[in-house]
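Residues per chain are reported as follows:
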Amino acid sequence: MSQEEKISRTILLIEDNEDHAEITQFYINEYADDIEVIWLSDGKIAIDHILEINGNSKRIYPWLILLDINLPKYDGHEVLLRLKSNQSLKEIPVVMFTTSNSNQDIETALKGGANSYIQKPIEPDEFASTIAKIIDYWSLNQHEIIVNNLNHHA
Amino acid sequence: MPDSKKILLFEDNPDHEELFTLHLEMTQFAGAHVRAVPSFQSGKELLLSDYFDIVFIDLSLTDSTYSETLEQLDSLSHSCPIVVLTSLDDRNAMMNIINKGADDCLSKSELNDSTLERTIQYNLSRWELRKELSDERQRLQEIIRGTNVGTWEWNIQTTELNINQRWAEIIGYTIEELAPVTIATWLKHAHPDDLLHSEQLLKKHFSGELEHYECEIRMRHKNGQWIWILSSGKVVEWSIDKQPLRASGTHTDITERKLTEEKLQLAAHVFSDTHEGIALTNADGIIVDVNPTFCEITEYSRQEVIGKNPNILKSGKHKLDFYTEMWKSLMEQDHWRGEIWNRKKSGELYAERLTISAMYDEKGKVRNYVGLFTDITQQKEVAEALRKTNEALETKVQERTAELQKALKKAEQANKAKGIFVANMSHEFRTPLNAVLGFSQLMLDDKNISAQHREYLKTINHSGHHQLSLINDVIAMSKLEDGQTTLELQTINFIELLESIIEKATVTAKNKRITFETTYSSELPRHINCDSEKLKYLLNSVIENAIKYTESGGVCLNIKSGQTDRYHSVKLVFDVKDSGIGIPEEFQQSIFEPFFQIGNLGDKVGTGLGLTLAQRFLTLMGGEMSVNSELGKGSLFHIVLPVAQAASPSFKAAKPQKPDSNEYRIQAAIDDNANQSYQYEEDPLTEYQQQIKALTAKDMDILAPEILAELSAAASALDIEGTMEVAQQLKKSNPALGDALITLINKLDFETLQGLINPDH
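These protein sequence lines map, in sequence, to chains Z and L. Quick note on our numbering: the first sequence kicks off at 1252 and runs consecutively. Quick note on our numbering: the second sequence kicks off at 460 and runs consecutively.
If you're looking for bench data, these hints aren't it; they were derived computationally from the structure.
With a cut-off of at most 25 Å between alpha-carbon atoms, the simulated BS3-like pairs for lysine-lysine come out as follows: (1) L:767 - L:787; (2) L:847 - L:776; (3) Z:1384 - L:963; (4) L:971 - L:1092; (5) L:804 - L:767; (6) L:875 - Z:1362.
Everything numeric in this text was worked out from a predicted model, so none of it was measured.
I would like the entire structure built from these sequences, with the hints used as guidance.
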């Protein structure tokens, strides 16, 4: 394994609203203060960043992607589509985190492969327990799947 | 000069023979050829073999005495007159001879040329007359036979009636069957009503008023039917004092004629009295007759239309095609039926429903056309009025429909716009709220903040939460009204759900310093199939509502579950009882209406939608809620909710679920393993996973189709007994498969079972 390959204790926060980004960061730190939160302020920046850290020379998988829907450039649905249709990225858990509760958004997101859908605002403890479940699951099982996948594609 | 006659003479005395010849020579029959025989036998034979004009016979013969001959007279061929020559002058003896069959008698003592001549002359002419009469009778008999006429001869004095075979035949009998025939026979068979008429006619004939008797009379046939007879006759013999003695006549069967007559009468009656106009034309279409109704309707008199073409009635309202069609139908189908506008004599238009039929002669050629019609002008007018009304109505309906459709379209557009607005509003409201709630929460975590500011922040946070639930309720309401809300059924842990509700309620009640108690009237199912978010909202709303309106005492929640039926359904009953202010009776129905509040409740203002949403969710779930309340004493909310009981949760990953508006539902839509890792404490798969693993849809293929169908039906009805029965049956022939199915059923995993039965689903 010559490439740098790891699962980082990182959450990618894709969110255009600065206030929300700050609050979410606060919530994440409430849950665990050693998690690195990378804030990406629009859909395109987010995709570019993810592709960059998963380039030829390295594979860095975040624990989780928190994805807003109303975003400039690429909206949340498009970001989700790009992630889930990429063979090497599709296993990264994506949690929609948005103020929208329109049936259409929820359906589109869940059909598009979002692993969960959390509506803002949310109580800090509820938020914490939700992402805990996903991160627990991820660290227990998904790591192996991803590594297997990678070996397959390598 | 008469022809020379041939005379046969029976005479055994030659002297007498000579004397006879001598006398004969003196008469005009002098040239007659006389053949004389002495014996009866030889004369008798001669009479058979030869022709004679007259026979003279002396009764005393060589082979036969006087009396013997007399007795044998009958045996002689009676082809000519037979005259007995006798020596007796006695008148009685002579009468006796005549009675024995002789035509005449001549006394020998009186025999001379003149008596002989007279005797021959008389007998020859009488014989000729008799022959003529006999021929005449013969002919008459033949005529009678030929015309099939019954004859009768009535002796009025003796009442004796002489009839022929035909007379009897007409009424279905033979003469023998009717014997003895008297006038009573006639009276017995004639129709009593007609007899009266017959007797009147007879009387008139007897009195000379009528020359003939002729009467149509019914007689009872042997078969019980009445037949019509024409009885006619005449008195043929009168007494000196002009009393009828004998009458004779005929019977003719006129039943057929009578029936025809009746039919004709009926036809004539129909023709003249019917309410339909009738016109009869010949084959060329020229009117030959019309009935009174025709005249009444058309205003033409009979004389005016006879000989005319019916097109005098033409209205001009129909095109040529119409008449062409009419004639085509007449030619091809023998009739035409339809409605037609015609014109009366006065020029007035009228509508008729007309049927024209062609009538044919025996050769199949059209003989007549019959047109039958009724005036339907009034009907037409009514129909037209109706049609116009209908048209007007239809137009109105169409207009109204168009208006409605327009309105509907508008409403749909408005609805759509509203949907978009609501979705946006929800998002737009939440975005700043997220900041308010987030930052106030964030600041509350700051240890350096002052106590007063901490209170302010709490108020900000609390107000933000209140506003959030308000928004959530409004959105939920809006979604409900748009029909966007659906049930999200899944297997849930009912006990856990109850615990979270009770925990929350206990805290709220504690804050208000009132009690909150929970009692259970029966054992509750652990796992149920239910929309947990809606159930949670429902129970929370009702309990919060009870706490909100209770100042002292407390709120009690009682839960019980009914019997589980064979379809695995159970009724959950929640009673929420409070000792609050109560609801006035007139408002008890209104409390479920949106934004309903009783009086001024100051700080108790909620969203105003809690109970409304609770009730609507309950209805959606198939449950019912009622309220029982007494002002000042408290209220009881009674909730009945049928749910499907599940002994253990199903192992298939739960379907991704839409988060509900007011609860932050997190649906980890991840695969089975993930689900298993955090959703359930124990791992229920291990017990029978090995068995099921070995079981594939292909294994099910070996089952007979009817068993599969039975199993499928029972499985889709969640029928434990039914599926178990099939599985037990199956175990006998295929123990492995049977056991596997029984395990599945015991685990109540109908989903897997159905998947096996119907792999496409």
